[in-house]
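K.L.:
These are the residues of each chain, in order.
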Amino acid sequence: MVPLSHYLILSAILFTIGMMGVLIRRNVIIIFMSIELMLNAVNLTFIAFSRFLNNLDGHIFAFMVMTVAAAEAAVGLAIVISVFRNKPTVNVDEMNIMKW
Amino acid sequence: MELLAFYILGAGAVVTAVMMVIHRNPIVSALNLIFTMFCLAGIFVLLNAHFMAAIQILVYAGAIMVLFIFVIMLLNLRGEDWPPLTWKKLLASFIGILFVGYSLIKIIGIFRGSMLPVATPLPEDFGTTRIVGEKLFTDFLLPFEVTSILLLTAIVGAVMLAKMKIDKG
Numbered sequence: 001m002v003p004l005s006h007y008l009i010l011s012a013i014l015f016t017i018g019m020m021g022v023l024i025r026r027n028v029i030i031i032f033m034s035i036e037l038m039l040n041a042v043n044l045t046f047i048a049f050s051r052f053l054n055n056l057d058g059h060i061f062a063f064m065v066m067t068v069a070a071a072e073a074a075v076g077l078a079i080v081i082s083v084f085r086n087k088p089t090v091n092v093d094e095m096n097i098m099k100w
Numbered sequence: 001m002e003l004l005a006f007y008i009l010g011a012g013a014v015v016t017a018v019m020m021v022i023h024r025n026p027i028v029s030a031l032n033l034i035f036t037m038f039c040l041a042g043i044f045v046l047l048n049a050h051f052m053a054a055i056q057i058l059v060y061a062g063a064i065m066v067l068f069i070f071v072i073m074l075l076n077l078r079g080e081d082w083p084p085l086t087w088k089k090l091l092a093s094f095i096g097i098l099f100v101g102y103s104l105i106k107i108i109g110i111f112r113g114s115m116l117p118v119a120t121p122l123p124e125d126f127g128t129t130r131i132v133g134e135k136l137f138t139d140f141l142l143p144f145e146v147t148s149i150l151l152l153t154a155i156v157g158a159v160m161l162a163k164m165k166i167d168k169g
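Just so you know, the sequences run in chain order A and B. Residue numbers for the first sequence follow this note's numbering, so the first one is 1 and each next one is one higher. Residue numbers for the second sequence follow this note's numbering, so the first one is 1 and each next one is one higher.
Treat the hints with caution; some may be incorrect.
[Stated by the list, open to error] Quick list of in silico lysine to aspartate or glutamate cross-link-like pairs, DMTMM-like style, CA-CA up to 25 Å:
{"id": "1", "chain 1": "B", "residue 1": "K135", "chain 2": "B", "residue 2": "D125"}
{"id": "2", "chain 1": "B", "residue 1": "K88", "chain 2": "A", "residue 2": "D93"}
{"id": "3", "chain 1": "B", "residue 1": "K89", "chain 2": "A", "residue 2": "D93"}
{"id": "4", "chain 1": "A", "residue 1": "K87", "chain 2": "B", "residue 2": "E80"}
{"id": "5", "chain 1": "B", "residue 1": "K88", "chain 2": "A", "residue 2": "E72"}
{"id": "6", "chain 1": "A", "residue 1": "K87", "chain 2": "B", "residue 2": "D81"}
{"id": "7", "chain 1": "B", "residue 1": "K163", "chain 2": "A", "residue 2": "E94"}
{"id": "8", "chain 1": "A", "residue 1": "K87", "chain 2": "A", "residue 2": "E72"}
{"id": "9", "chain 1": "B", "residue 1": "K89", "chain 2": "A", "residue 2": "E94"}
{"id": "10", "chain 1": "B", "residue 1": "K106", "chain 2": "B", "residue 2": "E124"}
{"id": "11", "chain 1": "B", "residue 1": "K135", "chain 2": "B", "residue 2": "E145"}
{"id": "12", "chain 1": "B", "residue 1": "K163", "chain 2": "A", "residue 2": "D57"}
{"id": "13", "chain 1": "B", "residue 1": "K135", "chain 2": "A", "residue 2": "E94"}
[As the list claims (entries may be wrong)] Just some of the chain B residues that point at chain A, by a computed CB distance under 8 Å:
{"id": "14", "residue": "V14"}
{"id": "15", "residue": "I105"}
{"id": "16", "residue": "A119"}
If you're looking for bench data, these hints aren't it; they were derived computationally from the structure. Computed from a prediction, not measured in an experiment: that's the story for all the values here. The C-beta atom is built at its ideal place from N, Cα and C for all residues, glycine as well.
Model the full structure from these sequences, guided by the hints.
P.N.:
Here it is, written out as structure tokens:
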């Protein structure tokens, strides 16, 4: 039987890796993928607590998080494409002007 | 046996997540992230969350990551070189690793000393589609319906943004 602390530590490690990705990478696509990784780490926490507390609410919450992640990915990638059309770069440091 | 499966899946998830962050080529990063999602789906199965494991593969590996790979191919992204390493960056990463290691030790210490809930025997059908669906359509009906509005907004927003022509003037 795997204790709950193992799941929580794995989740913390994955969240930290995702946060490092957001902080050290400058490619906007990689930053988006790191955000997805962080959302996944949170889902793992929800589902682990749900199993150990014998309560299904965590599953529903993880389901909602996935919906938000899908919506966020769709809109975010559309924004990336629309920015790329005006200025062909994916480097977030170069996307620093809001008006051309 | 279960512990072994957890360690294999967890190690796979962590290694591929690190590869996702450090690899230069975005396509390789995306494929590594898909592998991370699969490992997490396996861990969800260990947690008796069968429905969530299936959804994890369908929605994340199947839909979101396909979207990512489409965009990477559409933008024709190549691997980029890392910026040169300077002394300042080395010092900053050293201090960062120090802080992260300290917090990790603290977190593990908190888990050791705290009263986390222990595993209790679950009902036979915990986490199956039937039970989760029943809960979703009774107790959580309003959030579920609001989710549909969120998805509709996302669809309309994505189409509008991707089609928008901005005047260059």
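K.L.:
Would you mind marking each hint as holding or not holding in the structure?
P.N.:
Now for the hints, and whether the structure bears them out:
Between the alpha carbons of K135 (chain B) and D125 (chain B) the distance comes to roughly 13 Å, so the proposed pair stays at or under 25 Å and holds. At most 25 Å may separate the alpha-carbon atoms for a hinted pair to count; K88 (chain B) and D93 (chain A) meet this at roughly 19 Å. Using a Cα cut-off of 25 Å, the hinted pair K89 (chain B) and D93 (chain A) holds, with the two alpha carbons roughly 17 Å apart. Simply put, K87 (chain A) and E80 (chain B) have alpha-carbon atoms about 17 Å apart, close enough for the 25 Å limit, and the pair holds.
At roughly 35 Å between alpha-carbon atoms, K88 (chain B) and E72 (chain A) are farther apart than 25 Å, so this suggested pair is violated. Restraint check for K87 (chain A) and D81 (chain B): satisfied, since their Cα atoms lie roughly 20 Å apart, inside the 25 Å limit. Taking the CA atoms of K163 (chain B) and E94 (chain A), the gap is about 22 Å. The hint holds against a cut of 25 Å. Under the criterion of a C-alpha separation no larger than 25 Å, the hint pairing K87 (chain A) with E72 (chain A) is consistent with the structure, at around 22 Å.
Between K89 (chain B) and E94 (chain A) the alpha-carbon distance is near 20 Å, which keeps this suggested pair within the 25 Å criterion. A C-alpha spacing of about 37 Å is found between K106 (chain B) and E124 (chain B), which places the hinted pair above 25 Å, so the restraint is violated. Using a Cα cut-off of 25 Å, the hinted pair K135 (chain B) and E145 (chain B) holds, with the two alpha carbons roughly 13 Å apart. Distance hint between K163 (chain B) and D57 (chain A) is unfulfilled; the C-alpha atoms sit about 39 Å from each other, more than 25 Å.
For the proposed pair K135 (chain B) and E94 (chain A), the alpha carbon gap of about 46 Å is over 25 Å, so the pair is violated. Given hint, V14 (chain B) at the interface with chain A, holds; its Cβ is 6 Å from that chain's nearest Cβ, closer than 8 Å. Checking I105 (chain B) against chain A by beta carbon gives a least distance of about 11 Å; that is not within 8 Å, so the hint is violated. The restraint placing A119 (chain B) at the interface with chain A holds, with a minimum CB-CB distance near 5 Å, inside the 8 Å limit.
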